[in-house]
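> Residue numbers (my numbering), protein chains in the order written: chain A, 38 to 545; chain B, 38 to 545.
It is possible that part of the hints are untrue.
Which copy is meant is left open, so a pair is good if it fits within one copy or across any two.
In silico SDA-like cross-links for lysine to any residue, where the CA-CA straight-line distance does not exceed 20 Å [said to hold, decoys possible]:
1. K365 / L406
2. K427 / I407
3. K360 / L406
4. K427 / F405
5. K247 / E105
6. K320 / L200
7. K202 / Q107
8. K104 / S314
9. K427 / T65
10. K320 / F253
11. K265 / A348
12. K104 / H335
13. K338 / E101
14. K87 / Q486
15. K427 / L417
16. K338 / D217
17. K181 / E328
18. K438 / E482
The set of hints was computed from the structure by calculation and includes no laboratory data.
Protein chains: 2
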Amino acid sequence: MAQVTFEEISASDFFYRNRDIAGFTNPTRAIFAAIRELVENSLDAAESLKIPPEIYVRLSFEGEASKESQIYKLLVEDNGCGVPPRHIPSAFGQVLFGSKYKLKQQRGTFGLGGKMAILYGQITTHQPATIISSTGMSRIYMYKLMIDIQRNRPIILDRKVFLNKEGWRGTVVEFSLEGDYLRAMPKILEYFKQTAMVNPYANLTFVDPKGRLYKFTRATTIMPDPPKETLPHPYGVDVELLQRLIQVTPYNNMLEFLKNHFHRVGEITARKFLEFSGISPSKNPKRLSHEEIVRLMHMLKKFKEFLPPDAGCLSPLGEELLKTGVLKELKPEFVAVHQRKPATYAGHPFIVEVAIAYGGEIPQKGGFLIYRFGNRIPLLYDEASDVSVKVINDMNWRRYKVTPDMPIAIVVHICSTKVPYKTVGKEFIADRPEVRREIANGLREVTRQLQRFLTRREHVDRERKRLGVFSKYLPRIAEFSTKLAGKEKPPDIEKLLRSVKRFGVEGI
Amino acid sequence: MAQVTFEEISASDFFYRNRDIAGFTNPTRAIFAAIRELVENSLDAAESLKIPPEIYVRLSFEGEASKESQIYKLLVEDNGCGVPPRHIPSAFGQVLFGSKYKLKQQRGTFGLGGKMAILYGQITTHQPATIISSTGMSRIYMYKLMIDIQRNRPIILDRKVFLNKEGWRGTVVEFSLEGDYLRAMPKILEYFKQTAMVNPYANLTFVDPKGRLYKFTRATTIMPDPPKETLPHPYGVDVELLQRLIQVTPYNNMLEFLKNHFHRVGEITARKFLEFSGISPSKNPKRLSHEEIVRLMHMLKKFKEFLPPDAGCLSPLGEELLKTGVLKELKPEFVAVHQRKPATYAGHPFIVEVAIAYGGEIPQKGGFLIYRFGNRIPLLYDEASDVSVKVINDMNWRRYKVTPDMPIAIVVHICSTKVPYKTVGKEFIADRPEVRREIANGLREVTRQLQRFLTRREHVDRERKRLGVFSKYLPRIAEFSTKLAGKEKPPDIEKLLRSVKRFGVEGI
């Protein structure tokens, strides 16, 4: 018989073996992914304190690795909340350890990206990473560490403590990694540009290996409210979650249990639901049998009267900001923006914001220009698999008299306490029917506005042509008639021209 | 200051929270993914013993879950190698535990799919899974278990041991899950069809919830050699791997270390490499410093004289089998197949096999029909992001006089000790340059053959037309001339017709 051996591997080892699924496929993708993951952690760290982010990224050349890749040193510094000293080693040297496992809108969702970057650096250069951090208290902590991949534990090589005389707060991460910056450059610059577009309150500085400085300066210091942590919505619970809540609840009756552990369930809704499902309000949740828990889950999904999730915990861009961003970056002739009402998939609230822009500096390229964002992260890879692209492809554009050869850009932003990414590398968003529907409805709304604009412009064009004919021939007719009548001053044809104008066509 | 809390989550908890990345996005995808993951484990289990697989899958309706989904019971039985009793609980109830963490061509790569299916069943129905297995020895073991998701450990609810009087060997997995079979049906049936196409030695039986029986009977009992476990190729090592090898090696000199731990490195190659990199053959690998290990890795990648990986450890389909499969399933007018020589990416050997089929029953649909396989697994989702599709889209088809409106089907099969999937759900393959190149070269080869066929067919068509004219008018001319000459029997025009034939056109 063949020998089949069984073994257990650590989470760290799993991602080491399968770095493709975290976006670290090759030296080009790896350097892009490393920068992006660290920048996003930095943005989250600053926003959690409602501080305008100040992020400095420096990539410097260290040497040749092979014909196709080089060794770089990457440094990312932020003015975020900092990491408490006792958590620094695990937060940077242990996979599946972190602060991101909350129901809260944030860029990071897997608590994985930063560590993958450090892990990738380690397996390609075997250099330790240096982390410097302070929460703004009296000390600054510096750790040099590597990851014990087989045991998924940080190895601390050095630790220093400094006095924080100037009250600095933030985090610096520095490590070496193999990469191909030349190939990655276009995507990296596009990443910074699009990040600046949807985070107009952030200062981003990037110094590339040639010493070129890219600076994206904030346009405002007004910060959106930081997203709040939220309770699970009853439509999204599964048996596992119910069991966990029952385990930890301090409440010993169903009424209080429902009111205190679920999003937007108050006294009245809770009572109505309990009546609907035939559960006594005084029933102790800890006494529910397996079967009763399963039934409770199904009833929660069936009950029609739960309020939709509250957008209060989400922090969308807002129509104004989105419009400003699009006008600034794309300089179109026309733009329409629309923010959908909050919706929910699997109990996670989400908001879709869309924009459609036409003409101006938007190139005509035989297809729409598509910008995708998830929780203010630009998504730059695997466009073809994204739910937005599927919706765009499926839409009946002809109905709106829109064709792919028009100079059109489409922006879709999805913000949620949990964006349903299809890959750990956050390249694209899964095709959840609820998300699809919201995108489609949003797109229809802005496209109708575009259609009205185009129709109006067509009328105006026709009118302009019609008036053109009048204004071309009327003076000649007037001149001819004047001569014919033996007069010297031709009649005032301006009045006549004005009287045939049907629209407020300017410039004629 | 905002409260940031840090926590550690288990691997099981990670995949529970992020089931999208494992393919369990919605009730439709979940039921497809569950069937597929278990069937693939079963195929691997039978092939590891070189036994023609005999797989029985039954999905039965249990009740309504909601408007859009139902509860089903899924049972998958195989005649594979079985699981040793002491490993059963962890093999089915603990994420990142398994027998798939080897350098070996197999369908499963993440050791995750079967457990994700059981985990998904548990969180949607809260029922335990039943596993029955025997390695063919004197006992059959039955376990009822659930997964403790927070601790990533199996919970054994029941355990029974039976005498194995009839020497049965194999595994039965049975559990309940929520799903939407009606929507998933087309993909599930397509999955079985395509699996049968590339596993012609397997018997597959599927009984669907309506009691419909789908039977895919084997066409041969000849089995390919089971893929062998292999050593890492020097081009694919990273520092982590070198360190692990150094940790476990019993050899105390570099020459033996290289010869015994790397794929296709013999005495001569090892000596040449050591000279090239200036390392003494007698150097003890355990004495290498960090810097020396990093240097060793770079030197291994730079050395040009390592032999390419040996295809012996891979088990491709072979051109004959691929051709048979395509002819049987697609019934085309023409087919060309090509197997590329083994290549390597990141040290993993891989073989690309491609086929192009034209005409016959292949529909004309304004685009090519694309079939993708990885280690004999049909890949049915997220086609647009797959490397094969990218290559197909980038190819200069006009050069081969091929246009997308022709009835053409393309098959790409990649087999490797590690297929670079982009998602844990194994939906599509990452865009590794080495893989891309092999697919492109393979496609060019078969497309050239198609071009020759098309050119020849065009000539034949033209000839057929030309001969058509002759054969239409010659008899009349002959008849007319006969009458005109006053004769009774017209001359033999067959000879004449044959003399103007330029090609072996049949049927004229």
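> Confirm or reject each hint.
Against the structure, the hints come out as follows:
1. K365 / L406: within (16 Å within a copy, 42 Å between copies)
2. K427 / I407: Intra 12 Å, inter 19 Å, cutoff 20 Å: intra and inter.
3. K360 / L406: within (16 Å within a copy, 41 Å between copies)
4. K427 / F405: Intra 13 Å, inter 19 Å, cutoff 20 Å: intra and inter.
5. K247 / E105: within (17 Å within a copy, 56 Å between copies)
6. K320 / L200: So K320 and L200 fail the 20 Å test inside a copy (56 Å) and across (46 Å) alike.
7. K202 / Q107: Neither way: K202 and Q107 sit 38 Å apart in one copy and 63 Å across, limit 20 Å.
8. K104 / S314: between (67 Å within a copy, 17 Å between copies)
9. K427 / T65: This pair counts as between: shortest inter-copy Cα distance 17 Å, intra-copy 27 Å.
10. K320 / F253: neither (57 Å within a copy, 52 Å between copies)
11. K265 / A348: within (10 Å within a copy, 55 Å between copies)
12. K104 / H335: between (58 Å within a copy, 11 Å between copies)
13. K338 / E101: Between copies only: 12 Å across chains, 57 Å inside a chain, cut-off 20 Å.
14. K87 / Q486: Neither: 35 Å inside a chain and 64 Å across chains, both beyond 20 Å.
15. K427 / L417: Both, since 16 Å and 16 Å are each at most 20 Å.
16. K338 / D217: between (49 Å within a copy, 16 Å between copies)
17. K181 / E328: For K181 and E328, only the inter-copy Cα distance (17 Å) is at most 20 Å; the intra-copy one is 51 Å.
18. K438 / E482: within (14 Å within a copy, 43 Å between copies)
Hint violations for this structure: numbers 6, 7, 10, 14, all remaining hints satisfied.
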